[in-house]
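**Q** Using the sequences and the hints given, assemble the complete structure.
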Amino acid sequence: MKTLERLVLDHLRPLVSSFMDPLQFAYQPSNGVDDAVIYLLHTSLTHLEKAGSTVRIMFFDFSSAFNTIQPRLLGDKLQGTVLAPFLFTLYTADFSHSTSSCHLQKFSDDSAAVGLITDGDDTEYRGLIQDFVDWSLRNNLQINAGKTKELVVDLRRRNNLPPAPVNILGTDVDVVESYKYLGVHLNNNLDWTHNTDALVKKGNSRLFLLRRLRSFGVQGPLLRTFYDSVVGSAIFYGMVCWSSNITDRDRKRTDRLVRRASSVLGCPLDLVEMVGNGRMMAKLSSMLDNTSPPYRTPWQHWAAPSVSSCSTLAG
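Going by the working numbering, the sequence shown wraps up at 315, each residue one higher than the last.
Watch out, some of these pointers could steer you wrong.
[Stated by the list, open to error] Label pairs and their calculated CB-CB ranges:
| hint | residue 1 | residue 2 | range |
| --- | --- | --- | --- |
| 1 | Val218 | Arg156 | 47 to 55 Å |
| 2 | Lys202 | Ser100 | 33 to 41 Å |
| 3 | Gln142 | Pro85 | 31 to 39 Å |
[As the list claims (entries may be wrong)] Straight-line distance between alpha carbons at most 30 Å, and here's what the computed DSS-like set of lysine-lysine pairs gives:
| hint | residue 1 | residue 2 |
| --- | --- | --- |
| 4 | Lys106 | Lys252 |
| 5 | Lys283 | Lys180 |
| 6 | Lys147 | Lys180 |
| 7 | Lys106 | Lys2 |
| 8 | Lys2 | Lys50 |
| 9 | Lys252 | Lys180 |
Please keep in mind that the hints were generated in silico from the structure rather than gathered at the bench. Nothing here was measured: the structure is a model prediction, and the numbers come from that model. Even glycine gets a Cβ: it sits at the ideal position worked out from N, Cα and C.
**A** Below is the structure:
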């Protein structure tokens with residue numbers, strides 16, 4: 001049955017591609033977590049180069065998103081199957097928003113509203129959040145306001161009053177200094193200190209397991225496979241987003257982990273800079289060859305007219 005479902009998915013995907021949200025990065029060919037984070041960072045950093053600019057990012061948290069959709073609303077969208085994740089993205093494609101100053105991007109049920117604020121005017125940003133909350137309620141998606149968080153990036157030198165909090169369902173959303181988005185830690189300076197701290201902590205715990213395996217007599221290709229799949233994957237997670245922008249201090253911390261792993265394995269390993277350069281070139285090649293949104297043109301919808309759709313499947 002699952003094989004048949006995969007065949008159906010291969011047939012279905014091109015038929016509905018024109019209806020998908022161009023800023024839905026999950027379950028799309030050649031798109032993934034790195035693409036979602038890169039897109040968020042690029043739009044934010046480009047805007048912050050302008051005078052008087054700030055960026056506000058609302059990270060929505062849904063309560064059991066895959067379990068709260070009513071079956072009667074999914075008449076032609078199966079659930080609980082191999083097709084379910086893809087069909088969930090099709091279901092949520094009913095709401096999309098992208099303008100030059102505000103957009104909503106998604107990775108499955110991880111949704112983030114990004115407001116590119118100039119001179120403190122956050123009207124569109126607040127309107128987008130309210131529209132998305134209203135749409136979610138109509139479609140039985142329960143937003144957990146207590147776990148929804150906002151990241152405010154303000155790099156202006158003069159001291160500025162913090163913006164008024166956003167209220168969702170009667171709860172003021174907490175503004176945080178750092179947020180873990182799709183496994184990558186972003187902070188309100190858009191530097192990589194928090195992310196490096198998390199990677200080093202996880203890398204050390206995985207390195208302990210590598211040493212234990214060697215103490216049990218595991219060696220050679222099997223030990224190297226464990227390093228690549230368990231240790232290296234933790235140290236280098238999301239590195240196309242951060243490897244060229246971390247401080248020398250943070251780079252030395254991650255390189256130290258790699259050298260310790262190399263000592264355990266008894267063979268040389270590529271350090272962060274070399275691994276990062278290789279992965280960035282591969283990602284750049286993939287992006288240039290990618291004809292799916294948002295790469296169809298150089299992210300042309302940044303300057304496009306507002307594309308906002310709020311519809312309910314309940315009929």
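**Q** Each of the hints needs a verdict: does it hold here or not?
**A** Quick rundown of the hints versus the structure:
no. : hint                         : result
1   : Val218 to Arg156: 47 to 55 Å : holds (53 Å)
2   : Lys202 to Ser100: 33 to 41 Å : holds (37 Å)
3   : Gln142 to Pro85: 31 to 39 Å  : violated (19 Å)
4   : Lys106 to Lys252             : violated (33 Å)
5   : Lys283 to Lys180             : holds (22 Å)
6   : Lys147 to Lys180             : holds (12 Å)
7   : Lys106 to Lys2               : holds (26 Å)
8   : Lys2 to Lys50                : violated (51 Å)
9   : Lys252 to Lys180             : holds (23 Å)
Violated hints for the displayed structure, listed by number in ascending order: 3, 4 and 8.
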